[in-house]
Amino acid sequence: MTTTADIHEPTFLAGDEFSIPTFRLLKQDGTLHEGATAPELEHDKALAIYRAMVATRVLDERMLAAQRQGRLSFYMQCTGEEAAVVGATAALDDADMIMAQYREQGALVYRGFTFDEFMNQLFGNELDYGKGRQMPIHYGSRKLHYMTISSPLGTQIPQATGYAYGQKLAGDGQCTTVFFGEGAASEGDFHAALNMAAVHEVPVIFFCRNNGYAISTPSIEQFAADGVAPRAFGYRMHVIRVDGNDILAVYSATREARRIAVEHNKPVLIEAMSYRLAAHSSSDDPSGYRSKKEEEAWREKDPILRMQRWLIDLGWWSEEEEKALQESLRREVLETMKRAEKRPPPPLDSLVSDVYADVTPELQRQLDALKTHIRQYPEAYPKGARSLDPDVKARDDASDAEAQGGE
Amino acid sequence: MPTMNMLQAINNALDIAMGEDDKVLCFGEDVGSFGGVFRATSHLQEKYGRARCFNTPLVEQGIIGFANGLAAQGSVPVAEIQFADYIFPAFDQIVNETAKFRYRSGDLFNVGGLTIRAPYGGGIAGGHYHSQSPEAYFTHTPGLKIVVPRDPYQAKGLLLAAIRDPDPVIFFEPKRLYRAAVGEVPEEDYQLPIGEAEVTKEGTDVTLVGWGAQMEVIERAVELAEKDGISCEVIDLRSLLPWDQDSVAESVFKTGRLVITHEAPRTGGFAGEIAAAIQERCFLYLESPIARVTGLDTPFPLTLEKEYLPDHLKIVEAIRASVNF
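Chains as they are written, first to last, in my numbering: chain A, 1 to 407; chain B, 1001 to 1325.
Honestly, the hints are just simulated from the structure, not real lab data.
Wrong hints could be hidden among the right ones.
[Claimed, not checked] Looking from chain B toward chain A, a few residues come up when the C-beta cut is under 7 Å (computed):
id	residue
1	MET1001
2	ASP1015
3	ILE1016
4	PHE1034
5	PHE1038
6	PRO1057
7	GLY1074
8	SER1075
9	GLN1245
10	LEU1296
11	LEU1302
12	GLU1307
C-beta atoms are modelled at their ideal positions from N, C-alpha and C, and glycine is treated no differently.
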């Protein structure tokens, strides 16, 4: 339904009437902007946020290095966007659903996904919850309310609308936050998701990480409009643009968005302005499409350094604590990586399980034929042959008993 | 004759097509100044300008819908879908629009100028979403042509033919071979026929049929089989729609045995169509059941990719089973 006044001259609107400001609280030197008030953030929670940001950075640095050494097939870094991801997650209830795109490992770190759990997925070993079926970084955790990542872009956005609609009907006071990039916001799924969320009054937060690039494509070639935020008007939805490198602003904006979503059953769009400091993935080399100078300018706006300065000013953090944290994180990454690398791959039977709730007769026949073939050529299929070797299997079963279990 | 890898051959074909005809346009995600994530469109924007080679927003249904419109207008779009795994948002545009444009309008309008390029296939540790072979979804769609090259020479000749073909073509590129396959490719313009298979090796005991990256796997299997004294005839189908039944049937009349292989899952895979058509035409000549060596009926895995793939050992076992039936 439209309710507007009549006009009698052909007067066009160009959309330039909408100018969306950027919400900022913290300056790069760690002090507040004039007139800005820090959100209520108690000491322990502030440090939990900070530690999660640093842990994400360290994990990313080490795992990219491991990829470069050939220990890992693929990796994706969150570098530069830690405040956006961790700040938003910290503003949610821990039981709220998160549907991420693929660069949001900081959300998992904040919620307590252990380095062992990260490593098991990255190396696709027998303890990986996803059973070694997806590429590295496709994490998921049911206990931490983090939907397993799917590579195709934008598919999770309308799913978040549906998930949150179910949460509304369940009446348990939870909402869903869905992360996506400014590139993925071009997908048809984005538009469908926002429209349905507004129409059906759904408690969902659409969190756009506008990091400037979709692989090589700069955002100026992605949309002619002023970012993604103005689209919210078209769907009659609350919207805020926030400095994505400003942990306090992200936290504050998301907390308020959650209140609107849960108390009023209204969707909210948040556009966090940031920059992907790293390559798109370990398969990408940004020198082909952007300048070092541009990267350096954004490195100056490092969100972690900004929060660190704020914490130090408050007397909540020190250089010594920083050093100790960095060292212990690095040690932990290396230890957990070594553990995960040594663990065997998932068993051969996992090839055909979970296609359906039960293995179909035809799939069982295919698996049986595969086993016969692998027994004939065990050296050609070391991973598959492993689980057909009764001695190895017995040893694995014994060690499984003492190993950490699945979810 | 110059030596090229498959990406260079594809780039060279696009360059020739754009140089010859101002109506040819190349676009898709990251296709512009960056030259595509695999660099198949390198330097084309530099050479032909931003109006003819450009980045699109990240929206596959938009890319193909836009391409359909352009083709209807009389342009010759070559649209890239970054990975075949990401073609599905464009499924509606391809299946309901591209394929039926000419038919539903009684030939008032057509999108024959359209070529859709998409890298497909596994063996690159890409998991579910960078490994799939979705050809069979499209072979079930009359109105489309489906072409899959096996090497750089084929890629250039078939891509030029696809761009100039009067019907829309989906051109699936075996990405595992993009840099791995290197061969002699003439610098000049040439075309290879769409709809015609090629017998790449003559033999008498068994016929092997495949396409794209699987041809290299067949070659390895045939080496092993020939050590056992089995004479293999090998056919590269090259086009899946329309497909060259005559060449396959002619071969099976001679050998009496057929092994078909593709990476895609077995059920509903294109091997099933070939097997059905060939048993209709060659029933009394068959010495053994037609065999399919395919991926499993599962999503494409990662850690157990090697176990999933229809490799040379599985093919050679199928050849032996067929000959010893």
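Structure-based check of all given hints:
1. MET1001: violated, 30 Å
2. ASP1015: violated, 19 Å
3. ILE1016: violated, 24 Å
4. PHE1034: For B:PHE1034, the interface hint holds, since the closest Cβ of chain A sits about 4 Å away, which is under 7 Å.
5. PHE1038: Violated, about 10 Å.
6. PRO1057: Hint holds; B:PRO1057 Cβ to chain A Cβ min 4 Å, cut 7 Å.
7. GLY1074: violated, 26 Å
8. SER1075: violated, 20 Å
9. GLN1245: violated, 27 Å
10. LEU1296: holds, 5 Å
11. LEU1302: B:LEU1302 check passes; min Cβ-Cβ to chain A is 6 Å, inside 7 Å.
12. GLU1307: With a minimum Cβ separation of about 4 Å from chain A (threshold 7 Å), the hint on B:GLU1307 holds.
Checked against the numbered hints given earlier, this structure breaks hints 1, 2, 3, 5, 7, 8, 9; the rest are met.
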